[in-house]
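What follows is the residue order along each chain.
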Amino acid sequence: MAVMTETRTEGITGAARFVADFDAFLRELPSEPAAVTALRRMAIERFAILGFPTLRQEAWRQTNVAPIAQGAFVRQSFRPEASEPAVDLSGVDPLAVGAAARLVFVNGRLSTRLSSMDELPPGVVVASLAESLEKAADKVEPWLGQYARFEDHPFVALNTAFLRDGALVWVPRGVVVEKPIHLLYVSTPENGNPVVTFPRNLFVAGENSQVTLVETYAGEGVYFTCPVTELVAGPASVVDHYKLQLESRDAFHIATFQVEAERSCTPSSHSISIGGSLVRNDVIAVLNGEGIDCILNGLYLGEGRQTIANFMRVEHAKPHCASHELYKGVLDGSARAVFNGLIHVHPGAQKTDAKQSNRNLLLSPSAIANSNPQLEIFADDVKCTHGSTVGQLDEDAIFYLRSRGIGAEAARSLLTYAFASDIVERIKVDPVRRDLEEFLFARLPQGEVVRQAV
Amino acid sequence: MLQIKNLHVSVDGNEILRGIDLEVPTGAVHAIMGPNGSGKSTLARVLAGQEAYEVTQGEVIFDGKDLLEMDPEERAREGVFMAFQYPVEIPGVSNTYFLKAALNAVRKHRGLTEIDAMEFLTLVRQKMKLVQMEESLLHRPVNEGFSGGEKKRNEIFHMAVLEPRLAVLDETDSGLDIDALRIVADGVNVLRQQDRSFLLITHYQRLLNYIIPDRVHVLLDGRIVRSGGKELALELEEKGYVWLEEAAAQPVGA
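Just so you know, the sequences run in chain order A and B. Just so we're aligned, residue 386 is where the first sequence starts under my numbering, counting upward by one. Just so we're aligned, residue 1170 is where the second sequence starts under my numbering, counting upward by one.
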């Protein structure tokens, strides 16, 4: 069993531990394009300088990553002889019903045994990134690491230094992939030790193509998932992306989704965050052509002591683009949510239509939601709106429902469901939407009444 | 069916109802009239169980049971229905499915089996006709984007589906044009039957041209100052409430 070289790094904690491990990791890797090796060297150097963020840094003030920095995680291994740990997929399996392709990554590495491929249109590539780095570098090199910037983001730097496996989805010009492509990332302890994985995904949608992608993250016990996904949406392409964060409640999940949008494309992303003890999702969309219509929606459900942060950055670089963001959160217990939404309109990006909305429903007096919208506008003929709300269930609505015979608990659940369903309804992949509905029925008290009433 | 005895109710320390005595027999239609601020709506909401109101004295007996002891949903299941003066918009909750859940809660309480989807659809279609409600309103979220008249009709539609034993209509006529008023009144008249009582709360006499009450009570400053037959409503229409306000010093009682 390959483990992070524990003897050598003993006593070293925090960022230094990862930096010290980097050379050992490189030696473990089979061949790869020199440019990729050069990229990871730059990234680890940058990470050595940045280190793990502290609460003193504005962007991380509300998300304390000390448990990650101090954690002793076993790094994902790519030694050929490493065996694949057994995992239970029963919870996530139904999501991928009817998929065009399903790739399953166990502790960061593709499991060919668990993955399956339906019929794909000619020219479409759905493959392991690790394999593609060796065999199809032309489908990887021009894009990998070109969009997700690690200069200011230690976790993107860390991912870039240690990237190896993940999904490559490459759709040629003009091709429509009708069924969704599912990517499942599952983490499980290695010999009882918590693991860290750095899934790296590259999605390239050619001009006038169409594809639907679903990323699902799950696992058991304590672990740390640090994924980076780069999506290049070519001119006039239609890309629907879903991310389901269903990690274990003891897991750490710090992810970046980077969208590079070209002329007249319509990318959409729906991010559902349910699991994890400490979760941060960074979504960065660069609208780098005219006539783009970009949708970024999200739903986060926190309870217990979960912290869920969503950091959004939409760059309107060209005129005549629309971006619509709707993020909703339901927070119970002592859960804490952070929403940080930046809309940046570049000079000359006239006729920008940017809309951002963040709504939080607090079900308990000790739940907290922080919402920080930010607008940076350097063009004068634009329409930019933002709104954020933090509130409780409407007592008048509860009374109305009760006055018709619905029990108090069921009434609260029904209104909570209604709040969340706004996002759930927008999920176009049927098994995913149904699974999420079922999850809500199961989670909400008196869920059976809710099921009947919606 | 309904007995209200010496009911005193306060909101935030202000006494709104100051000793109401009222008895509505089974199958009777009683109207409560009164000017703004007289406590009419407070009475309706107390009967429905709204928690912001504090009952400081008195009791309310419904079918021999202590109504004030019950939660709002228990009252509904026992057969009390209040049509809201301001029906609440509930985004994301379907008007039909919610009603089905409500009906099943009521049926379960009454020891009946749950209604299946087909039976429910037949029932709903039939009841919709009562209030001439457009089918599109069934599939929309509860009251969301409904016009004022549509909301009031939706309340009567809910009532028709839930088949309460006591229906309290809180100013259901307010703001309705004459056509909508007739539709609402027709809906109520169809539902009038021997084992169902109505308490109509209204500011204006006009509703009572269409729903003929068995008895009319006038509420002033938290007390019932006069009770009479349907002709009392006409007298009020003619003279206004002022002549009764003078008499309020010496309440006549119910």
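Just so you know, these hints were derived from the structure itself, not from any lab. Beta carbons are placed, not taken as given, at the ideal position from N, Cα and C, and that holds for glycine. A few of these clues could be false.
[What the hints assert, rightly or not] Incomplete in silico selection of chain B near chain A, CB under 7 Å:
id: 1; residue: A1217
id: 2; residue: Q1219
id: 3; residue: G1261
id: 4; residue: A1270
id: 5; residue: V1275
id: 6; residue: L1345
[To be verified] In silico lysine to aspartate or glutamate, DMTMM-like type, Cα no more than 20 Å apart, as pairs:
id: 7; chain 1: A; residue 1: K736; chain 2: A; residue 2: D781
id: 8; chain 1: A; residue 1: K736; chain 2: A; residue 2: E675
id: 9; chain 1: B; residue 1: K1174; chain 2: B; residue 2: E1223
id: 10; chain 1: B; residue 1: K1277; chain 2: A; residue 2: E675
id: 11; chain 1: B; residue 1: K1277; chain 2: A; residue 2: D765
id: 12; chain 1: B; residue 1: K1174; chain 2: B; residue 2: E1258
[Unchecked claim] Ranges between beta-carbon positions, derived for each pair:
id: 13; chain 1: A; residue 1: K813; chain 2: B; residue 2: Q1172; range: 40 to 48 Å
id: 14; chain 1: A; residue 1: Q777; chain 2: B; residue 2: Q1226; range: 28 to 36 Å
id: 15; chain 1: A; residue 1: E675; chain 2: B; residue 2: K1298; range: 27 to 35 Å
Hints and how they fare:
1. A1217: Nearest chain A Cβ about 5 Å off; hint holds.
2. Q1219: holds, 6 Å
3. G1261: holds, 3 Å
4. A1270: Hint on B:A1270: holds, closest Cβ of chain A at ~4 Å, below 7 Å.
5. V1275: holds, 5 Å
6. L1345: violated, 20 Å
7. A:K736 x A:D781: violated, 40 Å
8. A:K736 x A:E675: holds, 10 Å
9. B:K1174 x B:E1223: holds, 15 Å
10. B:K1277 x A:E675: violated, 59 Å
11. B:K1277 x A:D765: violated, 62 Å
12. B:K1174 x B:E1258: violated, 34 Å
13. A:K813 x B:Q1172: 40 to 48 Å: violated, 57 Å
14. A:Q777 x B:Q1226: 28 to 36 Å: Holds: the Cβ-Cβ distance is about 32 Å, inside 28 to 36 Å.
15. A:E675 x B:K1298: 27 to 35 Å: violated, 53 Å
Checked against the numbered hints listed earlier, the structure breaks hints 6, 7, 10, 11, 12, 13 and 15; every other hint is satisfied.
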